[in-house]
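Engineer: Here is how the chains run, residue by residue.
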Amino acid sequence: MSEKELRAKNSVPAGAGREEGIMNRAAERLYNGIAKENPTFVLMLGMCPTLAVTTSAINGLGMGLTTLVVLALSNLLISLLRGLIPNRVRIPAFIVIIASFVTVVQLLLEAYLPDLNKALGVYIPLIVVNCIILGRAESYAYSNPPIPSLFDGIGMGMGFTVALTCIGLVRELVGAGKAFGFKITPDSFEPVRIFAQAPGAFFVLAALVALQNFVKAAGARAGRDTSKIGSGCSHDCMNCGEKGCSQRFYDDGKEE
Amino acid sequence: MSEFYKVSSNPHVRSRAATNGLMLAVIVALMPAAGFGIYNFGPRALTVILVTIASTVLTEFLFGIYKWKVKRDGKGFWQRTTVTDLSAVVTGLLLALNLPVTMPLWMAALGGVFAILVVKMLFGGLGQNFMNPALAARCFLLISFPSAMMAFDCDAYTGATPLAALKAGEQVNVLDMFLGHTGGTIGETSALALLIGACLLILLGVIDLRIPGSYIVTFGLFVTLFGGHGFDPAYLAAQLFGGGLLLGAFFMATDYVTRPITIRGQYVFGIFLGLLTGIFRVFGSGAEGVSYAIILGNLLVPLIEKWTMPVAFGHRKGGRRHEK
Numbered sequence: 001m002s003e004k005e006l007r008a009k010n011s012v013p014a015g016a017g018r019e020e021g022i023m024n025r026a027a028e029r030l031y032n033g034i035a036k037e038n039p040t041f042v043l044m045l046g047m048c049p050t051l052a053v054t055t056s057a058i059n060g061l062g063m064g065l066t067t068l069v070v071l072a073l074s075n076l077l078i079s080l081l082r083g084l085i086p087n088r089v090r091i092p093a094f095i096v097i098i099a100s101f102v103t104v105v106q107l108l109l110e111a112y113l114p115d116l117n118k119a120l121g122v123y124i125p126l127i128v129v130n131c132i133i134l135g136r137a138e139s140y141a142y143s144n145p146p147i148p149s150l151f152d153g154i155g156m157g158m159g160f161t162v163a164l165t166c167i168g169l170v171r172e173l174v175g176a177g178k179a180f181g182f183k184i185t186p187d188s189f190e191p192v193r194i195f196a197q198a199p200g201a202f203f204v205l206a207a208l209v210a211l212q213n214f215v216k217a218a219g220a221r222a223g224r225d226t227s228k229i230g231s232g233c234s235h236d237c238m239n240c241g242e243k244g245c246s247q248r249f250y251d252d253g254k255e256e
Numbered sequence: 257m258s259e260f261y262k263v264s265s266n267p268h269v270r271s272r273a274a275t276n277g278l279m280l281a282v283i284v285a286l287m288p289a290a291g292f293g294i295y296n297f298g299p300r301a302l303t304v305i306l307v308t309i310a311s312t313v314l315t316e317f318l319f320g321i322y323k324w325k326v327k328r329d330g331k332g333f334w335q336r337t338t339v340t341d342l343s344a345v346v347t348g349l350l351l352a353l354n355l356p357v358t359m360p361l362w363m364a365a366l367g368g369v370f371a372i373l374v375v376k377m378l379f380g381g382l383g384q385n386f387m388n389p390a391l392a393a394r395c396f397l398l399i400s401f402p403s404a405m406m407a408f409d410c411d412a413y414t415g416a417t418p419l420a421a422l423k424a425g426e427q428v429n430v431l432d433m434f435l436g437h438t439g440g441t442i443g444e445t446s447a448l449a450l451l452i453g454a455c456l457l458i459l460l461g462v463i464d465l466r467i468p469g470s471y472i473v474t475f476g477l478f479v480t481l482f483g484g485h486g487f488d489p490a491y492l493a494a495q496l497f498g499g500g501l502l503l504g505a506f507f508m509a510t511d512y513v514t515r516p517i518t519i520r521g522q523y524v525f526g527i528f529l530g531l532l533t534g535i536f537r538v539f540g541s542g543a544e545g546v547s548y549a550i551i552l553g554n555l556l557v558p559l560i561e562k563w564t565m566p567v568a569f570g571h572r573k574g575g576r577r578h579e580k
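In order, the protein sequences belong to chains A and B. Using the numbering used here, read the first sequence as starting at 1 and increasing by one per residue. Using the numbering used here, read the second sequence as starting at 257 and increasing by one per residue.
Since the hints were made in silico from the structure, they are not lab data.
Just some of the chain A residues that point at chain B, by a computed CB distance under 10 Å:
no., residue
1, Glu190
2, Phe195
3, Gln197
Take a look, some chain B residues computed to stay more than 10 Å from chain A by CB distance:
no., residue
4, Pro267
5, Val284
6, Asp341
7, Met406
8, Phe408
9, Gly486
By construction, the Cβ of each residue, glycine as well, lies at the ideal position given by its N, Cα and C atoms.
Chain A with its partners taken away, still in its complex shape:
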């Protein structure tokens, strides 16, 4: 299968928005990233920073926004270069682009927000290998035009930011009695310190995912459409040229 056909197949189904105009499509990408395919709560990507840096709401917000910037810019650039990058070396090319943006962002953080940079520590350079960024490059930006790709990056980044801030807020509130650094609980409240430590991240993440699924299940019962939209996978594995996809081997009855 040629590259062109592959791209045509992987792109969003045409009915989703091309006719409705570019703004609708951009809005749809934003909604998709924040709610329908939230990278943390639905796609379960980028778990390492999610669990490691969300000790406070500020840290979660900082990590989310940093990732958002890298994600949006790398999606835009990869989409612009998608005609030039050969299919075979696309992953190394993505990594080089992402790593360049991460370096830029890290130097900026060191210069203007040294405290945040210190708090996030090694997790800033590790954005390079964040699954969300590589995943969006591979499944969306590489096969879609620049403007939707940019908004896909912004939407996913915002979804990540919202998720990390929520986790950080809950952990900070329960584990230290504070919200965004301000003490808001009465003195009689004894913080449950485990929530400020690593095990607490797992508890809070699991509880929020469960809550999210609960709301979603309630919505589905009420008749709302909760299916995912346009993640780049058409779920048609028989006609898909993608070789490294995990669904190919686990999808029932569709093994090669």
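Keeping the supplied structure of chain A fixed, place chain B upon it in accordance with the hints.
Structural biologist: What follows is chain B alone, placed relative to chain A:
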């Protein structure tokens, strides 16, 4: 062919033992330790025990009701409430015996909720919990509220617990430790009361000596070799009677759900717990390490079982049949 050969399918021999019978036996066996704790620390110990048991039982009951309601909406599945099998009472009692008497009551109740809701019911209820709920809750409380969990000063006793004193290099009275006239958590102080309960469980056939025996012997050897006191009977006895070793070895490590089912695996499990407890007590920063050792051991149980699974007759190791 005569009627004699027509047999129904197995099982042919049924035992009358049921979960609540076993749990009742454990509760009765814990009564000496609980009773001594109340005698030793005063009526507040009874309050802590009752609050913790109430929180575990109530959590299990409410979870059962919730499951039932979900089914009525057309989703989920029927689940008979499991509160009558008394396992929640055992969890609550064990947790309470692992708490200091000065523990704020809401923290004790929170521990009970955590034990049942997070460790037990969310993983599928009794039989599916991957670690001992009471110990997991104790560790949860220990990490969350270190100062409250280490507050062993009460009306009856002040100063360090025997293990902390040992760690600091002071002398301890071994006879007091054996009888239980020392500070500590509610149920761990009296080695005598715990041993009475353990004997009862062994005589009733609820537990056997494989895990506790290998655990305590390994720990004793470890402390003798690496404790820095050589073979000193007083030090060894203090290490064995102090802290939660007996409570953990006889009542927690032998939990049916979280111990290995293979016989060889049970010895491996006991030896592993003994080594870990020794390492934590001798080389660790804290004085006690039984609870962390047991929940770490619980996590390794699936691996131990896989490793020690006996080979069926006629099969090779790895589950393949012999070929001729």
